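K.L.:
Here's the letter readout for the chains.
2 protein chains.
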Amino acid sequence: MSNQQDGPADACCVTPPLLREPLTKPAAAEMAKKLKALADPVRLRLFSAIASHSGGEACVCDISGGIDVSQPTVSHHLKVLRAAGLLTSERRASWVYYAVVPEALREIAALLDLDAAALAGATA
Amino acid sequence: MSNQQDGPADACCVTPPLLREPLTKPAAAEMAKKLKALADPVRLRLFSAIASHSGGEACVCDISGGIDVSQPTVSHHLKVLRAAGLLTSERRASWVYYAVVPEALREIAALLDLDAAALAGATA
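First to last, the protein sequences are chains S and L.
Numbered per the numbering used here, the first sequence spans residues 10 to 133.
Numbered per the numbering used here, the second sequence spans residues 10 to 133.
Hints were generated in silico from the structure; no laboratory data involved.
Everything hinted at is true.
If several chains are the same, the list does not tell them apart, and a pair holds so long as it fits within one copy or across any two.
Straight-line alpha carbon distances no greater than 20 Å define the calculated EDC-like cross-link-like pairs of lysine to aspartate or glutamate that follow: (1) K45 to E116; (2) K34 to D49; (3) K34 to D77; (4) K34 to D71.
None of the values given here were measured: they were computed from a predicted structure.
Only chain S is shown next, with the shape it has when bound in the complex (with noise of 0.2 Å):
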């Protein structure tokens, strides 16, 4: 029960920003694997549409029409986005339902958050 502050399972709740001191090499790891995740164009558009569309979640009938790939390219994107635990996914009926998990965009928008952080340059 000791207070574990660097071990793995914990990076990804306890990352500081970029900004106020050098991420540890857990949290370097499990944050790279969520901005991996984002950095595509058709991921990002993906993503966007499902974040932007009614409710915060969409199905892929939603969303794919106006992303010129194919459905298969569309589906093998949005398990890369669901792996990385940027979105979830659900069915009902015939059509599978994905959602947006806040807390990983917070996640990410905390590790660059330059206000928290007022830069380095500001301290020096």
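Once you've looked at the hints, dock chain L against the given chain S.
P.N.:
Relative to chain S, chain L alone:
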């Protein structure tokens, strides 16, 4: 002199939060480049080491100590971050100093701005 809103040159500066409206193709391509550069554990740690260093800048001599990769590997990763517009570099005497580009971070943070977007759910 028309008011271009979705040209590649403007994409970086008009990126709306991911959750407010679907990302355009050029905005997604531009953002994916930056995220891809950050989406590597070693690069994240190097970037964080520079960003959190006194004055918001550092030379390789300051940061490579805590990160267990070779000097050429460090140089390669710094080059990738610089090419993505996340770092600037300046040679002084025999060392190259790297500094964070705050606008680049701000741009990514704005994309993930949960408060501004207030999650699509709120408007459902």
